[in-house]
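Engineer: Chains as they are written, first to last, in our numbering: chain A, -18 to 221; chain B, -18 to 221.
Because the hints were derived from the structure by calculation, they are not lab data. Where hints are given, some of them may not hold.
The list makes no distinction among identical chains, and a pair is therefore deemed to hold if it is satisfied within one copy or across any two copies.
Okay, derived cross-link-like pairs now, DMTMM-like style, lysine to aspartate or glutamate, Cα gap no bigger than 20 Å in a straight line [unchecked claim]:
id	residue 1	residue 2
1	Lys210	Glu94
2	Lys12	Glu154
3	Lys166	Glu29
There are 2 protein chains.
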Amino acid sequence: MAHQTAAILVIGNEVLSGRTREANAYYAAGKFFERGCKLSEVAIIPDEREAIISTLNRLREQYDAVITSGGIGPTHDDITMESIAAAFDVELIEHSFIVQAMTDHFGAEGLNEGRRRMTRVPQGSKLIRCEKTIAPGARIGNVYILAGVPYIFESQLDSILDQFGDRPYQRIEIEVELPESLFAKALTAIQADFDDVEIGSYPGRCGPDPCGKICLSSQDTERLNEAVKTVNTMLENIAS
Amino acid sequence: MAHQTAAILVIGNEVLSGRTREANAYYAAGKFFERGCKLSEVAIIPDEREAIISTLNRLREQYDAVITSGGIGPTHDDITMESIAAAFDVELIEHSFIVQAMTDHFGAEGLNEGRRRMTRVPQGSKLIRCEKTIAPGARIGNVYILAGVPYIFESQLDSILDQFGDRPYQRIEIEVELPESLFAKALTAIQADFDDVEIGSYPGRCGPDPCGKICLSSQDTERLNEAVKTVNTMLENIAS
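Only chain A is shown next, with the shape it has when bound in the complex (with noise of 0.2 Å):
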């Protein structure tokens, strides 16, 4: 059965120190919302080994499924599989698929020490492949770990997507030229009858006047098409 329900897990210290504006949970979070997978929490922390364990182990007992990005390259600073590992207790081991096509790739003479540490994955791991990179990432129970390079990390995403969420939300936006504050009493009360339907409302400006927007999700077309008519009577209502 699909994922319902999953969380994130940004592992890099270039995101937290604002050098990298992060991009992949943004791109996963648009493709959950497609496909109908609730994203509920995104976490961004640094390579730090505790921080990893305790943050990972707190996410996979909370929700369906968690994606982790980056840290699993060959440097120091990669430690995302060998935190994972010690999050599931179990050991990290050579996978023999990875060793046999890094040494088809660089020769047996070309899987120096770096390469060797990006064919390690914890035990029992099931293996991500994608065309994008030799290096794949790695299922281990409910987490998904794939990569930090933005394009790798979109390709891993899309090979398992289908294993989440299986009724697509739809998103229907209204403009608003009114003050929030002029609807907010009889939003409430709309949102209140429709508790299938998700109502934001977001505030912007115009030049110096108010321009925001009403914005209307859910997974049942028919609801979400009567939100919207009601929330539309409603603002004809206050603006006349």
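Fit chain B to the known structure of chain A by using the hints.
Structural biologist: Just chain B now, with coordinates in the frame of chain A:
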């Protein structure tokens, strides 16, 4: 004394659904780096009371300070203030200063139910005012409650930045035209010699060839320059 570590708690379904690309934690990450406060974690969670309470209580226990972003407007999905009051086990009160400011601006008849919501803060809070908005943010204990709209968030954050960090980080990046695996072992040894410098390696591609970056940062300029020199010498030795 200035906060040495901080976490950011982004509260917003619009980010988790992929509608909006996260911008506020990214802005804050850059500012904290410049000031020398370590951003230790970013958590993005939905507009849900229990998620806000449990995540906030974990983060404020774990780090010197927490910045929250989002959920302080007038609509039904704005539940940050009441959830944080619950997390601190204090009352949510109408703050007389905000009531006055709103009344001055909108008139007594303009202070409708939606705007009235925005006068409420957890009891014991200090206000965080900025010129971009009438409704201020609030500080309670080590938690700073800021807006989700980016231009307001940025203005509010700028107004409290002097409480975060007191010894700026600096960063130097070195471009590398070698595959990571060729210098991974040598870089590990350098990192071991420089525990006051954070060294990260970020692979990339220039056409078919690898061309990544080694990124060094530290609060100690002298040590940073020494580490950069050591990495450059190492790279020259491998390339020759």
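Engineer: All hints are to be evaluated individually against the structure, with a verdict given for each.
Structural biologist: Comparing the hints with the structure gives:
Taking identical chains as interchangeable, the C-alpha atoms of Lys210 and Glu94 are never at most 20 Å apart, the minima being 62 Å within one chain and 24 Å between chains. Only within a single protomer do Lys12 and Glu154 lie at most 20 Å apart by alpha-carbon distance; the minimum there is 18 Å, versus 33 Å between protomers. Only between protomers do Lys166 and Glu29 lie at most 20 Å apart by alpha-carbon distance; the minimum there is 19 Å, versus 46 Å within a single protomer.
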